[in-house]
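S.K.: As a plain string of letters, each chain reads:
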Amino acid sequence: MINLLLFPILIPFLFASILLLFPKNRLAQRWITFGTLLLTLFVTFVLLFKVKADGIQAITLGSWPAPFGISMVSDMLSVLLVLSSTLITLIVVWYSFSFIDRDRESYFYYPGILFMLTGVNGAFTTGDIFNMFVFFEVLLMSSYLLIVLGGEKIQLRESIKYILVNVISSALFVVTVAYLYSVIGTLNMADISVKIAEVNQPGIITVIAVLFLMVFGLKGAIFPLYFWLPSSYAAPPIPVLALFGALLTKVGVYAIMRTYTLFFTLDQAFTHELLMILAILTIVAGSIGALAYFDVKKIIIYNIIIAVGVILFGASQMNEPALMGSVFYLIHDILIKGALFLLIGIIIAITGTSDLRKMGGLIKTYPTLGWTYLIAAFGLAGIPPLSGFVGKLLIVQGGFEADNLWGSIFILASSLVVLLSVIRIFIYAFWGEPVKVQMLSSSVYRGLFIPAVVLVGISVLYGVGSEWLVPFMSDASNVMLDPTIYIKAVLGGA
Amino acid sequence: MKTNDVILQTTTKLIFFIIFLFSIHIFFAGHYTPGGGFVGGLLTASGIVLLLLAFDLKTVTTALPINYTVMTAVGLLLAIATAAGSIFFNVPFFTHAFDYFELPLLGKQSLHTAMLFDTGVYLVVVGVTMTIIQSIGADD
Amino acid sequence: MEIIMSFVIGFLFMAAVYLMLSKSLLRIIIGTGLLSHGAHLLLLTMGGLDGDAPPVVSPGVSNYADPLPQALILTAIVISFGVTAFFLVLAYRSYQELETDNMNLMRGTEDHD
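Residue numbers (this note's numbering), protein chains in the order written: chain A, 1 to 494; chain B, 495 to 634; chain C, 635 to 747.
Heads up, a few of these hints could be off.
As the list claims (entries may be wrong) - Restricting the straight-line Cα-Cα distance to at most 20 angstroms, the calculated cross-link-like pairs of lysine to any residue (SDA-like) are:
hint	chain 1	residue 1	chain 2	residue 2
1	A	LYS50	B	ILE581
2	A	LYS161	C	PHE715
3	A	LYS161	C	GLU733
4	A	LYS153	C	LEU660
5	A	LYS161	C	ARG741
6	A	LYS298	A	PRO321
7	A	LYS161	C	MET680
Derived by calculation from the structure, the hints in this document are not laboratory data.
From just these sequences and the hints, can you work out the full model?
M.R.: Below you can see the structure in the form of structure tokens.
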């Protein structure tokens, strides 16, 4: 099965197209979506073990020879990300069964999610820079649908800004690809990696590297391009927010990691230094936001920005522990952000507000929710042995090895800010005087709570079992450290 | 306001078929020369838009009772099925096949699976364009 | 030829930025349209404007145009067509719902909610 690596892209796409045929049949929509995601998850597991056993899987579409056709490449990094994206989508869909109202369900909500997963998985898998643009657009188009679905006033208002920012960044992407093509003369990422050293034009290449940083930084929300993110993400309902928060920024981060390890490696003193400084500023900006708000959604949204900074700091160090730590932290963040959004979704559903000052005393009525939230919060902050710890430890270790003491200290300090910001939610919402809440019916509560607990459980397992995951992670970071492995897998023997 | 658009309506009845035929021509021309599913689809959609301009939405929906969402979905399925056919032969995705056939009337012609893919594109383009236009035009 | 193209692209970008900085939503959408036109022309120009014959193999022709930028532009045009159409529908819907197309009134700070 040489096409195996395409299945995580094709299966959601196929079933999303089928779901378009009968939008009004809500039950069928739900269960076909759920089944599709289970199938995708299974296929991705098969692919994961195949990549582990046989090395990088690569295929060039349409039987063209490698640098001319569109290559799809599944190395350990991308297959791990595909796996976690599919997993989080599965759980969010499960959560949506009890959360999303009828109107949205019968207006292409589930096909939207599946098309978005197609785009996300495609962007993680592609080995062609223009094809990456296409998959970005696929996921963006579906995210436009999801963000505006329901048509509330705030959604309409915010989605206009969201779309405008993304249209501009897409135009910039085309411009940047044009520059790259005129200098290098190829779009295949492995081929670019080979030719970029041959053309020997470091000045122009550095300009292109910075332009790519701007393009992907707009999607991945790095400083100072994160400005659009907090208000746009706060508009759609919680399950959509969870998907956006867990996946969309990560695609941008992945793209930066891929391009900055595979081909913009010639002038590291400038490009990677810039990336590091921006990463640290991102952490600072996110920290300020996370402490400034009393809105639970906004607090977690600013935590996304902090995490982006931490991951990119690791990616900018270009040594083994830091890159491995970035991969660990990237996947940890996908899982834990999803879990946190689902949990605060339950809190908002119970209290009917997202303002912390109007909450209180939930620990008396919903004790298990409170303790689950606390575990997730500790996981986010990286308290051992929970999932955030290993990644952050490795990133900091890598930072020290590369003599970036101050950066590493910022990372450590940011953990305290993260802990403070999420514990504030715990203190305000669960302690204090109980305020009057509307009790959710127990079936709805279970429908919301069980997926969230499953996700928190997975993230705990991810933290506790990290020793067992090390071989996978080191495979992923090895490819980033040594691009020749990637090139060889795509272009063949050379 | 009731306008007297007899000239527009009469010419549209004629022109629509010319546009439609031309779009089919462009669609098949895409086989070897510029053209193809996307342009053909846009032309067809523009023909239908002309109908919508000359008559009202209700008349056009009675004349062409097409659910454009379903049309889009069928197009997507056709496109992906064509491309995925290669999976069963264990060759890279999107690999196309073609051969020459003796057809009645047309003589020796090459038939190419890319044509099926292009039909899918055509349906998607018409479907999406019309969905968008109807969703704006549906209310006055 | 490249010089003329550069001026055209620069003019398109200039007009796009001017339009996108205005308050009216419709002007902003037209601005994004011009922006993507500029980007597509840039892609064409950066791919190289030499090459006389269309990239279809025919006897006696050796100086083909580079087909890749053309393919890329077609893809990009299709995408920007879709996005612009969606954006227009959205703008229309929000004009109905919010009863304004003035971006100043869509800030979404507390006093404008």
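S.K.: All hints are to be evaluated individually against the structure, with a verdict given for each.
M.R.: Hints, one by one, checked against the model:
| no. | hint | result |
| --- | --- | --- |
| 1 | LYS50/A to ILE581/B | 18 angstroms, holds |
| 2 | LYS161/A to PHE715/C | 18 angstroms, holds |
| 3 | LYS161/A to GLU733/C | 17 angstroms, holds |
| 4 | LYS153/A to LEU660/C | 18 angstroms, holds |
| 5 | LYS161/A to ARG741/C | 10 angstroms, holds |
| 6 | LYS298/A to PRO321/A | 32 angstroms, violated |
| 7 | LYS161/A to MET680/C | 30 angstroms, violated |
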